[in-house]
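As given, the protein sequences belong to chains X and U, one line each in that order. The letter at position 14 of the first sequence is residue 14 when you use the working numbering, and the numbering goes up by one with no holes. The letter at position 113 of the second sequence is residue 113 when you use the working numbering, and the numbering goes up by one with no holes.
The hints are simulated quantities; they were obtained by calculation from the structure and are not laboratory data. There's no promise every hint is true.
Stated by the list, open to error - Only some residues are given here: those of chain U computed to face chain X with a beta carbon under 7 Å:
#1 V20
#2 V24
#3 A32
#4 V138
#5 S146
#6 E185
#7 L282
#8 S315
#9 I318
#10 I321
#11 G324
#12 V327
#13 V337
As the list claims (entries may be wrong) - Computed spacing ranges between beta-carbons, pair by pair:
#14 U/R338 - X/N236: 48 to 54 Å
#15 U/S231 - X/R384: 44 to 50 Å
#16 U/P235 - X/V210: 48 to 54 Å
#17 X/A340 - U/R338: 43 to 49 Å
#18 X/N236 - U/G134: 32 to 38 Å
#19 U/A186 - X/G144: 19 to 25 Å
#20 X/V353 - U/G232: 29 to 35 Å
To be verified - For the chain X half of the interface with chain U, some residues (derived, Cβ under 8 Å), not all of them:
#21 L104
#22 I117
#23 A281
#24 A350
#25 T374
#26 L378
Where is the CB? At the ideal position from N, CA and C, for every residue including glycine.
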Amino acid sequence: MSRYLNHWYVYVLGGIAAVSLVRIVSDTDDITSAGTIRAAIIATCPILMAALGGLWAERAGVVNIGLEGQMILGTWGAAFFTYHYGPWVGVIGAALFGIIGGLLHAIATVTFGVDHIVSGVAINLIGAGAATFLAEAVFPDLEGGGPRQLIGLETPTQVTIPGISDAALDLAGKHWFFVSDVAAFVGALTTRVSTLSIVVFALVLVSAYVLWRTSFGLRLRSCGENPQAAETLGVNVYLYKYIAVIISGALAGIGGGFLALVSSSGFNTGQTGGRGYIGLAAMIFGNWRPGGLLMGALTFGYTDSLRLRNAEAVHALLLLLAVGLIAYAVYQVVRGQRRAAVGVTAVGAALLVWYVSTDSVPRDFTSMTPYVTTLFVLALGTQRLRMPAADGRPYQKGSAG
Amino acid sequence: MTRLRAVGLALLAPLIAVVVSVLVTTAVIAAAGSSPGDFWDAMFSNPLPRIRVNIVNQAAIIYISAVAAAIAFRMNLFNIGLEGQYTIASFAAASFAGAAYLSGFLNVAVAILIAALVGAAWSGIAGILKTTRGVSEVISTIMLNSIAITLVGYLLNRYGVHEGNTVHTTNLEKSSKLTGFTPYEARDGQIWALCLLAVLVGVGFWVLLSKTRFGFDLRASGQSETAALASGVNPKRMVVTAMLLSGGVAGLIWMPALFGAASSYGTSFQAGLGFTGLAVALLGRNRPIGMAFGAVLFAFLTAQSNTLTFSTDISPSIVQITQGIAVLAVVVAYEIVRRWRSRLEQRDVAKELAPVGPGTAGATA
């Protein structure tokens, strides 16, 4: 039994089967339709970028609550540069504006040793203020612009793989058990995929490689674990922290740019809607690891997209969650954690009762999901979460030895 | 001399912050192609009576928010969740007061109590998660903010009074509306009666921190948890109490506006005060008087910026940048001053300890 539990594909196959079963039992094809998955990917990308930005900063020991502000700056930068120079320069513009926020954060926290949370809060205020002001000052004069928006921007190209796309979507339309769910997934990945989404997922891989497989990454992470030790080994701690926070700002900025260029058809004031914070939550959910934060961002992105699509699908999701929790409880019993299993079973049973006794879930409850999930994960799993050892602590050069 | 130097150093940081934020604001306006001169003219013109009233009202509610933040800060806790706490508390109080189970002042008093209790309960979740499960209050309060805002949105939609495109809680009865103080003509508006709450909260904060055993324990635990533990303070209980108090005060933030002007929770609700309060607490170093100056400054900037739309082409949101820069600049400046001061102190100590006479230099490391 335990031999199989170590293989991740067992979980994936089991997961798909469970989702498919729930889809058929609850008769809501929308929970795995190609449209939903496509929307989920689009909703995931900005969260993923924020989470990845958080990862870079925190791995170097700097807590970046300012992700939200850097994202907001990114939305403006993307809109402005896209209007003048096209979408790819727009993405660079988004990164540059995010970098401004990141640089401010680095100057305050690294050079001056200001508390990271305090600086982050200030950067969020500045980011929101700057984007609002710049939009009101610049956008009304542009075509398709107003004091609070700039619409009709050119979007990055979309890619469709002919043949596979049609075949997969065709198969997905049959609503067969398992096969159609996989086909819908393949279909979503091969039909009208934004090139920027591909860049976003590539950045996760690149970050994972750089942070864990290069000596540069090792040094950067050592600044987050034990800066004194790093300094005695000749690592320029300030430099690495600066690089990390600047990259963090750039990634958050690109996340903001994604919102303006792909998620919607232009810039709106207040467009980020707290996604910087959700990104932070996804990173914590993912235990400060790239794979984990990818899972976190996908979960949050999926719930976010369902909220916009179909109220019945959300209701079906309750059943899925209940089944998932009960399965997890069984897993806990197998591992001998009987007491923990009782709590999980109770929550699962409560969800099951909720599913049976109602016909729909209010949309507001869906948008709460990421936050409630994070609270639960933190409350139940803090013992297993491990953040970088020197995360959030001010470090002054020359304090080693 | 040393006392003079201490005062000078204490005032230096806010001064640097003001200069930096003025410079940055000027630069941003110039970069956006407008005239910084026009901007400062408009900002420093004598405020109209209507705006003066507005400044007092806004300063009062910002001050309450700042005190709420400061209670937690003094305990070394970051209550980022003020926003959610006062949102949910304002909604609860407005719903209760609107339902008119009681009448007159009793209704107002009980509604305020409910606001404080709901605010405290919401922040208490973060306090309990921190003490029992070790969850950082920064993250949990951020999550609780979003949960509170969506929850209130849902409840308002479901149970509120729908009017056209807007929705709000039941309006207050006439007997529960409080008449304020009208310093100018009636059209210039009233200073809300419950602005007194700000004074009470400020005095209460000062007495609590400086004059009570609890305040001493709170500050002690904030500065060194181990030292406080050694002197018999239960740090976990301090964390929960500080969070409850902070959330309780946060619950009061919007009460002056509710009973003075808004009379229901709906589109008239002023969001964002929680973050403004955090900023003002940082600006005022969590000191009752310092925060009062900060609150007036922020209220002045916000209220006075409304005149920009009449006299200049600059959008009022520029003051948000000014405020944000001021906060960042002040925390950086305090850090610089702190380092500088400790270097001066070290030099003084070295001078005191240095043995007199030649040939013994270098004995002080």
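Against the structure, the hints come out as follows:
Given the 7 Å rule on beta carbons, the hint for U/V20 is violated: about 12 Å separates it from the nearest Cβ of chain X. For U/V24, the interface hint is violated, the least distance from its beta-carbon to any beta-carbon of chain X being 9 Å, above 7 Å. Hint on U/A32 holds. Least Cβ distance to chain X is approximately 4 Å, under the 7 Å limit. A distance limit of 7 Å between C-beta atoms decides the matter here; for U/V138 the minimum to chain X is near 6 Å, and the interface restraint holds.
A least Cβ separation of about 5 Å between U/S146 and chain X falls short of the 7 Å threshold, and the interface hint therefore holds. Among the interface hints, the one on U/E185 is violated; its C-beta lies about 32 Å from the nearest C-beta in chain X, farther than the 7 Å criterion. For U/L282, the suggested interface contact is upheld, since its CB lies about 6 Å from the closest CB of chain X, less than 7 Å. The interface hint given for U/S315 is met, as the beta carbon of that residue sits about 4 Å from the closest beta carbon of chain X, less than 7 Å.
Taking 7 Å as the C-beta contact cut-off toward chain X, the hint placing U/I318 at the interface holds, the least distance being around 5 Å. For the restraint placing U/I321 at the interface with chain X, the shortest Cβ-Cβ distance is roughly 4 Å, inside the 7 Å limit, so the hint holds. The interface hint given for U/G324 holds, since its Cβ lies 3 Å from the closest Cβ of chain X, which is under the 7 Å cut-off. Interface hint at U/V327: satisfied, since its Cβ lies 4 Å from the closest Cβ of chain X, which is below the 7 Å cut-off.
Annotation: U/V337 was flagged as interfacial toward chain X, and the flag is violated, the nearest CB pair being 11 Å apart, outside 7 Å. Distance hint check: the CB atoms of U/R338 and X/N236 are about 24 Å apart, inconsistent with the given range 48 to 54 Å. A hinted range of 44 to 50 Å for the beta carbons of U/S231 and X/R384 is inconsistent with their spacing of about 34 Å. Restraint check, U/P235 to X/V210: a C-beta distance of roughly 40 Å breaks the suggested window 48 to 54 Å.
For X/A340 and U/R338, the Cβ-Cβ distance of about 46 Å falls inside the hinted range of 43 to 49 Å, so the restraint holds. Hint check: X/N236 to U/G134, Cβ distance near 33 Å, so the stated range 32 to 38 Å holds. The beta-carbon spacing between U/A186 and X/G144, approximately 44 Å, falls outside the hinted interval of 19 to 25 Å. The hinted window of 29 to 35 Å between X/V353 and U/G232 is violated, with their beta carbons roughly 47 Å apart.
At about 7 Å, the closest approach between the beta carbon of X/L104 and any beta carbon in chain U falls short of 8 Å, and the interface hint on this residue holds. Given hint, X/I117 at the interface with chain U, holds; its Cβ is 5 Å from that chain's nearest Cβ, closer than 8 Å. At a threshold of 8 Å, the smallest CB-CB gap from X/A281 to chain U is about 7 Å, leaving the interface hint in force. With its C-beta approaching chain U no nearer than about 18 Å, X/A350 sits outside the 8 Å limit, and its interface hint is violated.
Restraint check, X/T374 versus chain U: the minimum CB separation of about 5 Å is within 8 Å; hint holds. Given the 8 Å rule on beta carbons, the hint for X/L378 holds: about 5 Å separates it from the nearest Cβ of chain U.
Of the hints listed earlier, those the structure fails to meet are numbers 1, 2, 6, 13, 14, 15, 16, 19, 20 and 24, in rising order.
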